[in-house]
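K.L.:
Residues per chain, in single letters:
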Amino acid sequence: MSEEEIARKQRGRRNLAIGLGVAAFVIVVYLVTILRIQANVGAGTP
Amino acid sequence: MDQTSANPALTAETAGPSDYFALLKPRVMSLVIFTAAVGMVAAVAADADIQFGLAVVSLLAIAVGAGASGALNMWWDADIDAVMARTVGRPVPRGAVPRAEAAAFGGLLSALSVALLALASNYVAAGLLAFTIFFYVVVYSMWLKRLTPQNIVIGGAAGALPPVVAWAAVSGSAPLQAWLLFAIIFLWTPPHFWALALYREGDYARAGVPMMPNVKGADATKKQIFIYAIILALTGLIPAFAGMAGWFYLATAAATGAVFVYLAYAVLKSSLEDKAPAKRLFAFSIFYLFAVFAALLIEDLVSLYV
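Protein chains in written order, with my numbering: chain A, 1 to 46; chain B, 1001 to 1306.
So that you can see chain B by itself, here it is in the shape it has in the complex (with noise of 0.2 angstroms):
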């Protein structure tokens, strides 16, 4: 996902406000929100309450929090965005943000994020919310993304998080529903970004980022999402059985869960040179997981209102 603003020629001196939004990295923000909004409704539906204003306070500090983690994680990484052709346009590495300004950006925003998501709902989805900064910045981009293959799959728990942190934010509580969600979003992360990697092989390489493809190769990549693939479109119906979700839900996670096994299933059969299947399933992965969430926030808004 490519973070660059307008004008590619600015410097510190000229960056301006925008340089800083995309700091924040807005499309991961819009992710996090979605699925945030999708926890906190689901728990209202399964009867947690909370204020219509303090529900959308709570979202704007769960999202200024993730936001501020990727600009911390701008900071930290700028080494290794300036030599990838995907993050080579960020505003760190263009040299519109000098790296301190990212990393007090970062700093500031994350102990205000926590600090109103405590004030407008409770401690626990604060200090959910603070882990899932702690996470994804010390555990996954200082830690495991430049010493493991397995960087994105710990590091994926960190995006999992938000729809548990929105769920204790209303209800003071993470039920086994909540990490149900978490579970499709943490168990959807190896296949998305390792369908990103396989066409993206060589900007990792070259970065000296160990991802799967090329530390174990392409073969055992493809291997690996496959198996995963498997394993998701199964944990997408499990909501349906667990009381969560009803028939619409269910035949949603069915079809787009089906077509993820197939899509996975291309790819491990395609050749080393043909990367239109990784493009596909990369594609592909971001409509899986906004189908299924979608399918589970109409129902309980049906529900709740209908």
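Looking at chain A on its own, in the form it has when it is part of the complex (with noise of 0.2 angstroms):
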């Protein structure tokens, strides 16, 4: 395999890790919005 092709199965990698990173953090944020909403339901408070 020459160095470009590495390079560009590494490019590919790299964004694939970049976007699971970046979803990985909205569902994250997501669920923490749901989980505060529940306990605040929970505990009465608006």
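Calculated from the structure, these hints are not laboratory results.
Treat the hints with care, as some may be off.
Claimed, not checked - Below 20 angstroms or equal to it, Euclidean Cα-Cα: the simulated SDA-like pairs (lysine to any residue) are: (1) A:LYS9 / B:ALA1283; (2) B:LYS1223 / B:ILE1154; (3) A:LYS9 / B:LYS1145; (4) A:LYS9 / B:GLY1095; (5) B:LYS1269 / B:THR1235; (6) B:LYS1223 / B:LEU1297; (7) B:LYS1223 / B:TRP1143; (8) A:LYS9 / B:PRO1175; (9) B:LYS1216 / B:ALA1283; (10) B:LYS1223 / B:ILE1238; (11) B:LYS1145 / B:THR1235; (12) B:LYS1223 / B:VAL1259; (13) A:LYS9 / B:THR1014; (14) B:LYS1216 / B:VAL1259; (15) A:LYS9 / B:ALA1111; (16) A:LYS9 / B:PHE1021.
Stated by the list, open to error - Pair by pair, the computed Cβ-Cβ distance ranges are: (17) A:GLY19 / B:LEU1272: 53 to 63 angstroms; (18) A:ARG8 / B:SER1271: 52 to 62 angstroms; (19) A:ALA17 / B:VAL1088: 21 to 31 angstroms; (20) B:PRO1026 / A:ASN15: 16 to 26 angstroms; (21) B:LYS1275 / A:ALA17: 33 to 43 angstroms; (22) B:VAL1306 / A:GLU5: 21 to 31 angstroms; (23) B:SER1271 / A:GLY21: 48 to 58 angstroms; (24) B:GLY1127 / A:TYR30: 20 to 30 angstroms; (25) B:ALA1085 / A:GLY21: 24 to 34 angstroms; (26) A:ARG8 / B:LEU1176: 51 to 61 angstroms.
None of these values were measured; they are calculated from a predicted model.
Note that beta-carbon positions come from the ideal geometry of N, C-alpha and C, so glycine has one too.
Dock the two chains into a complex; use the hints.
P.N.:
Dropping the structure here:
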């Protein structure tokens, strides 16, 4: 495999990792929001 | 600790995600996760309350914050890392990740981790995490590390803060018990790193880092290690007398503390050429911290669920 091919493959992996990282962050923030709403509703706070 | 990834021939163009992950100092991160988890469980055992999901996210934020400060440390210390055998394989000195990218990566993750902790827990914990990152990167890496042989004594505060951050994440405050956990890690840091520096003396001298052995000499370092070992062993017992731990913890802390002092004494009495006692103490110091915190964790889990 040439260096150019390796670079292209690794760029793809880096992009995938960034995409998965951003998606994970969005999901985590969403889950935190739900959990906090749940806790506030349970405690009777607005 | 070597942070290398699998392929040493990688360049900036061919670096993979594992090289960026290595910037986070995964082994240090795992220790942070462990000590922070102990702080969290101890806070719950002391009657604080947090939803399990929010606790997990808070722990994740603390871990990412620790990793981010590791990446920023690798950005700032790339010149030092490049001349030390222990760190030459890290992604920046190896050329796998450009310095600017390490800085951007660390800076972005710092901001995200603090924001995430603020969302998942409270502003006290988020502020403490931000302070921890600031202390490690600015106070330790940028200022003290190249200035004074007391660098790791003061800088050790950054590594000792995660249990306090975790306690604050659960309870919204940082009471005395949390600072006891801080004190154990804080006092553990100098003998741990000076034992390493004793048998890696040439490495630090070559890099121009003023560690205790290459500034004050091996004998003075050994004396300080021994004194710190005694203070640490005694401090390790305090949680049992402060009402936050029981007999199991006391027995574990007393036994491992006694071994710690004995190994520090062996280092004190060792000759200049004999590096084995320092290596033994370094290895045992890791076990000591793990054992003491694990004992506390076990006792707290038993009190919560049994």
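K.L.:
All the hints need checking, so say for each whether the structure fits it.
P.N.:
Structure-based check of all given hints:
Simply put, A:LYS9 and B:ALA1283 have alpha-carbon atoms about 40 angstroms apart, too far for the 20 angstroms limit, and the pair is violated. Distance hint between B:LYS1223 and B:ILE1154 is fulfilled; the C-alpha atoms sit about 18 angstroms from each other, no more than 20 angstroms. Using a Cα cut-off of 20 angstroms, the hinted pair A:LYS9 and B:LYS1145 is violated, with the two alpha carbons roughly 38 angstroms apart. A hinted pair counts as satisfied when its Cα atoms are at most 20 angstroms apart, and A:LYS9 with B:GLY1095 qualifies at roughly 18 angstroms.
The hinted pair formed by B:LYS1269 and B:THR1235 fails the criterion: a straight-line CA distance of about 24 angstroms is larger than 20 angstroms. Our distance criterion of 20 angstroms between C-alpha atoms is broken by B:LYS1223 and B:LEU1297, whose separation comes to about 32 angstroms. Straight-line distance between C-alpha atoms of B:LYS1223 and B:TRP1143 comes to about 26 angstroms, which puts the hinted pair past the 20 angstroms bound. At most 20 angstroms may separate the alpha-carbon atoms for a hinted pair to count; A:LYS9 and B:PRO1175 exceed this at roughly 50 angstroms.
Restraint check for B:LYS1216 and B:ALA1283: not satisfied, since their Cα atoms lie roughly 23 angstroms apart, outside the 20 angstroms limit. Annotation: proposed proximity of B:LYS1223 to B:ILE1238 is violated, straight-line Cα distance about 24 angstroms (limit 20 angstroms). Note on B:LYS1145 and B:THR1235: the hinted pairing is violated, with a Cα-Cα distance of about 26 angstroms set against a maximum of 20 angstroms. Proximity of B:LYS1223 to B:VAL1259 is assessed by CA-CA distance (about 17 angstroms); at most 20 angstroms being required, the pair is judged to hold.
Our distance criterion of 20 angstroms between C-alpha atoms is met by A:LYS9 and B:THR1014, whose separation comes to about 8 angstroms. For the suggested pair B:LYS1216 and B:VAL1259, the alpha carbons sit about 26 angstroms apart, so the restraint of at most 20 angstroms is broken. Proposed proximity of A:LYS9 and B:ALA1111 is contradicted: the alpha carbons are some 29 angstroms apart, above 20 angstroms. For a cut-off of 20 angstroms, the pair hint linking A:LYS9 to B:PHE1021 stands: about 18 angstroms separates their Cα positions.
At roughly 54 angstroms, the beta carbons of A:GLY19 and B:LEU1272 sit within the given window of 53 to 63 angstroms. Checked against the hint of 52 to 62 angstroms, the pair A:ARG8 and B:SER1271 passes, with Cβ atoms roughly 56 angstroms apart. The hinted window of 21 to 31 angstroms between A:ALA17 and B:VAL1088 holds, with their beta carbons roughly 25 angstroms apart. For the pair B:PRO1026 and A:ASN15, the beta carbons lie near 22 angstroms from each other, so the given range of 16 to 26 angstroms is met.
Range check, B:LYS1275 to A:ALA17: about 40 angstroms between beta-carbon atoms, so the 33 to 43 angstroms window is met. A hinted range of 21 to 31 angstroms is violated for the C-beta pair B:VAL1306 and A:GLU5, which are about 58 angstroms apart. Between B:SER1271 and A:GLY21 the CB atoms are about 51 angstroms apart, so this pair conforms to the stated range of 48 to 58 angstroms. Range check, B:GLY1127 to A:TYR30: about 24 angstroms between beta-carbon atoms, so the 20 to 30 angstroms window is met.
Between B:ALA1085 and A:GLY21 the CB atoms are about 32 angstroms apart, so this pair conforms to the stated range of 24 to 34 angstroms. About 56 angstroms separates the C-beta atoms of A:ARG8 and B:LEU1176, a value consistent with the hinted range of 51 to 61 angstroms.
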